[in-house]
Amino acid sequence: MSDPRLPATFENPGLPPHVHRAADTDPRAAKRAERQVAGLFTLSILSTIGFIVSYFAVKNDTEAFIPFIGTTNLLNVLLGVFLALALLGIGFGAVHWAKTLMPDEEVVEERHPIRSDDESRAKAVGLLEAGAESAQLNRRPLLKATAGTALGLFALPLGVQLAGSLGNPTKALDELKSTIWDVKDGKPIRLVRDVERTPIKAADVSIGAVFHVLPETIKESHHVLEDKAKAAVLLMRLHPNDFAADDLGKKAKSWGYEGIVAYSKICTHVGCPVGLYEQQTHHLLCPCHQSTFDVTRDCEVIFGPAKRPLPQLKITVDAEGYLVAPQGFAEPVGPSYWERKK
Amino acid sequence: MNALAARRRHPAAIALLLFLGLALVGATYSLFAPKPAQAAVATADKVADGKALFQANCATCHGISAEGTKSGPTLIGVGAAAVDFQVGTGRMPLSAPNVQAPRIEQVKYSQEQIEAMGAFVASLAPGPAVPDKATVEAEGDVALGGELFRVNCSMCHNFAGSGGALTRGKYAPALYGVEAKHIYEAMITGPQSMPVFDDKNIDAKGKASIISYLKTVETQPNVGGMNLGNMGPVSEGMFI
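Chains as they are written, first to last, in our numbering: chain A, 113 to 454; chain B, 46 to 285.
No lab work stands behind these hints: they were computed from the structure.
Just so you know, even glycine gets a beta-carbon here, dropped at the ideal spot from N, CA and C.
Among the hints, a few may not be true.
Which bits of chain B does chain A cover? Going by a derived footprint, with three or more residues having C-beta under 8 Å, they are [unchecked claim]:
hint	region
1	196 to 203
2	206 to 217
3	233 to 240
4	243 to 253
Label-pair ranges, simulated between beta-carbon atoms [stated by the list, open to error]:
hint	chain 1	residue 1	chain 2	residue 2	range
5	A	E432	B	S168	32 to 40 Å
6	A	H401	B	P138	33 to 41 Å
7	A	A442	B	K153	24 to 32 Å
8	A	A442	B	G117	36 to 44 Å
9	A	I164	B	L61	58 to 66 Å
10	A	E432	B	G222	41 to 49 Å
Working from the sequences, and respecting the hints, build out all of it.
This is the structure:
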């Protein structure tokens with residue numbers, strides 16, 4: 113193992129010899145450094161004056177064209193630049209001063225031992241014992257017990273609040289699995305436009321169109337934002353021949369109506385709204401992490417970090433020709449969680 | 046002649062000779078270069094004019110009767126609005142093959158020629174017509190327009206209309222400095238990657254409101270410093 117050419121122990125080489133700086137030996141270099149430091153401090157002084165002058169001199173609605181920034185508020189730019197130069201002048205000046213003129217010889221300062229001498233230690237123990245004795249801590253166990261219990265119990269209110277805020281785990285899981293698309297009374301739910309909340313006729317959806325859709329039940333919702341966050345749906349119409357000929361494409365087509373398909377807008381990666389539909393490639397792109405879904409193959413993931421396809425919402429039309437969802441999503445929407453089966 | 050010969054070794058001679066050579070080549074090229082075919086637009090029949098313009102300038106990619114080829118899609122049924130948008134924003138004729146046609150300030154055709162080509166394309170099959178001035182410039186509700194824009198458009202074009210990236214080099218362009226008419230036409234025709242937002246989806250009032258919102262965002266004064274492209278909290282967070 114050991115190399116015979118190496119000595120048994122290395123000698124401590126110690127610190128390398130100190131090399132003096134130009135400013136330590138040459139008075140002209142020292143003078144130059146002094147002028148540089150003073151120059152930096154002067155820059156700071158002038159900038160501070162410039163800041164105060166522009167604060168009063170420039171109106172706060174003056175706009176000006178600044179290269180690389182564009183047309184913007186002149187006062188903000190002036191204040192920012194002058195403040196930055198004022199601070200940088202002080203900072204650079206101090207650093208340059210320390211590096212060129214302040215002493216740079218290495219100095220070793222030994223630390224005193226951490227352990228106190230025996231006399232001080234005995235004295236400290238004596239003080240503590242005398243304090244406990246004068247408080248009658250050992251003579252009155254009732255006080256000791258009740259004070260300990262009171263202090264110990266005080267941690268409970270904090271713990272109870274923490275545990276209570278976690279909520280009912282069963283109910284929380286149910287909320288992850290359900291959306292307001294779930295049919296309660298057997299009556300299919302109409303699809304409505306996101307902003308106007310008007311129902312959509314199948315004939316209104318032309319090929320290449322995209323509708324941002326909510327369930328009609330959003331009108332009775334008491335927690336609109338929470339419900340919308342899970343129930344948002346994207347409705348697209350493709351030419352029926354655009355779907356892939358394999359099983360995935362057939363399933364996507366059969367769950368839609370005449371080429372109109374509806375998919376959850378909540379990304380299966382971390383729940384961003386997937387809304388970037390390219391009508392020529394039929395790709396759906398998530399803006400957060402670039403997960404890309406192929407609508408012609410049942411929103412299968414073709415790129416990015418998402419692991420599962422977007423859940424499809426089965427749709428059909430009612431007697432009046434409006435698009436309806438006869439059942440909720442067949443699987444939980446959105447990102448994975450521990451209790452999810454797949 | 047002797048004076049010229051005496052100066053043939055002058056330092057400027059080589060530069061002068063190069064300049065003369067380049068000028069000669071340029072002039073000869075401009076005499077013989079193929080010129081873009083121009084159909085007369087003076088006749089009354091717009092469809093015939095449009096057809097002539099189309100066959101001279103567009104048929105290479107879109108096919109001799111606009112049926113489409115491997116290089117370009119069919120134009121049957123796209124309507125005059127699509128022609129007005131694509132040619133009127135300089136996207137067509139395509140300057141170079143690329144993932145997507147960029148907007149170009151210098152439009153290649155006059156408005157008359159664009160209308161003629163639009164009339165020809167509209168005569169092939171019914172499609173969206175160019176919206177009239179009153180529809181496009183109708184006073185919209187800025188608040189409603191903002192809500193519609195954030196729900197329907199902002200995922201690609203950004204909440205302030207400053208554009209964003211799509212897949213594989215494609216992108217949603219910024220909407221600043223675009224004519225109201227062209228924004229309207231883009232919504233009803235769905236150019237390139239953009240889906241169609243026809244009147245059944247967002248009605249004429251909604252579209253006018255979206256345009257009003259965009260124009261309001263574009264003209265509102267910037268009271269802060271650098272807006273960092275209006276890209277939202279990500280870019281702003283990086284700089285603070």
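For each hint, the structure was consulted:
{"no.": "1", "hint": "196 to 203", "result": "holds (count 4)"}
{"no.": "2", "hint": "206 to 217", "result": "holds (count 5)"}
{"no.": "3", "hint": "233 to 240", "result": "holds (count 5)"}
{"no.": "4", "hint": "243 to 253", "result": "holds (count 4)"}
{"no.": "5", "hint": "E432/A to S168/B: 32 to 40 Å", "result": "holds, 36 Å"}
{"no.": "6", "hint": "H401/A to P138/B: 33 to 41 Å", "result": "holds, 37 Å"}
{"no.": "7", "hint": "A442/A to K153/B: 24 to 32 Å", "result": "violated, 52 Å"}
{"no.": "8", "hint": "A442/A to G117/B: 36 to 44 Å", "result": "holds, 41 Å"}
{"no.": "9", "hint": "I164/A to L61/B: 58 to 66 Å", "result": "holds, 60 Å"}
{"no.": "10", "hint": "E432/A to G222/B: 41 to 49 Å", "result": "holds, 44 Å"}
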